[in-house]
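> Going letter by letter, the sequence shown gives residues 1 to 302 in our numbering.
Warning: the hint list may mix true and false statements.
Said to hold, decoys possible - With a cut-off of at most 27 Å between alpha-carbon atoms, the simulated DSSO-like pairs for lysine-lysine come out as follows: (1) LYS41 / LYS95; (2) LYS95 / LYS276; (3) LYS280 / LYS95; (4) LYS276 / LYS41.
Think of the hints as simulated: they come from the structure by calculation, not from any bench.
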Amino acid sequence: MSIAAAITYAAVADALGGAYEGMRPFQTTPQMIDGGFGNRKAYYWTDDTAMSVPIIVAISAGLDLRTSEGEQYVVDGWSAWFDSNPTDIGIQTRKLLAGVETRTPDALAAAALDHFQQFPNGSAGNGALMRSYPVGLAGLDDADTYRVAYRLASLTHGDPMSSALSALWAVAVRRALAGELNIRAGLHLVEDALRERVEALIREAESTDASVFARRNGWVEHAFAQAWAAIRRGDAPLDTVNAIIQMGFDTDTVATIAASLLGARYGDADLPEDWKQQVKGWPGMLLPELVAPFVQDPQRKS
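Could you build all of it, start to finish, from the sequences and the hints given here?
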């Protein structure tokens with residue numbers, strides 16, 4: 001459908017799910033209300049969108065994410081957000097941004113890899129996957145989309161599975177813009193050592209109810225599987241987002257992940273207009289401001 005719709009759906013789902021973050025499963029229809037970590041005000045997006053903003057703005061400004069300049073622009077954006085003392089930030093992301101002496105892409109990547117080597121079973125949170133979708137909107141081909149998304153994921157999460165799933169999702173978002181809903185579109189790009197594991201995860205997601213993955217959806221494999229399993233049910237996009245939020249736990253992040261793909265494929269016409277107009281967040285901007293460059297020029301890309 002459109003770049004603007006992908007961004008809009010992801011940000012709205014993020015704000016909607018943010019009020020329920022950390023909750024156990026529930027039955028009522030999610031609403032735009034205050035709540036969640038830090039008792040966030042209604043209509044405000046979380047770190048999921050805040051960390052996506054620098055990537056989105058880089059694309060709208062025509063920066064090439066394949067270059068060191070493009071990477072540094074994104075890192076500078078994350079740094080500015082981190083220095084604003086956000087109430088919601090992943091544990092690993094906080095540690096890395098606070099711990100490096102100089103916030104450069106290479107320094108962050110080295111620190112993330114070191115963290116993974118020290119904690120090989122504790123470095124695969126969902127904090128990279130949640131912000132991978134904008135790379136799929138950058139106008140790159142599949143291979144470059146995968147490579148850039150993998151690289152940006154690796155700046156905060158050194159586990160290669162986290163980077164691979166983030167990159168795979170970005171490729172799927174790219175394909176969704178052209179009307180194709182295919183999570184396997186970038187599977188051939190996954191490194192040989194991980195491809196079988198990724199394929200097995202996709203098969204599991206396609207044969208399992210999404211709610212099964214919710215209890216541990218703070219981890220990237222569970223977040224990926226829950227989002228894809230929910231989409232595969234074939235419900236209307238907003239029903240899918242609501243169902244994910246009702247499953248509880250990391251509600252905003254999984255809703256954001258799924259919504260990015262749904263918005264890219266189906267558009268955002270089913271979202272309430274007041275939600276689209278009022279959602280807002282760091283760095284002090286309304287959602288219509290964030291998507292304006294893509295509304296004015298739907299084909300804008302890096």
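> Against the 27 Å threshold, does the CA-CA distance of LYS41 and LYS95 hold or violate the hint?
Holds: LYS41 and LYS95 sit about 26 Å apart, inside 27 Å.
> Would you check the hint for LYS276 and LYS41, treating anything up to 27 Å between C-alpha atoms as holding?
Cα-Cα ~16 Å, so holds.
> Do the alpha carbons of LYS95 and LYS276 lie within 27 Å of each other, as the hint requires?
33 Å, violated
> Taking 27 Å as the top limit, are the C-alpha atoms of LYS280 and LYS95 close enough?
26 Å, holds
Of the numbered hints stated above, the single one contradicted by the structure is hint 2.
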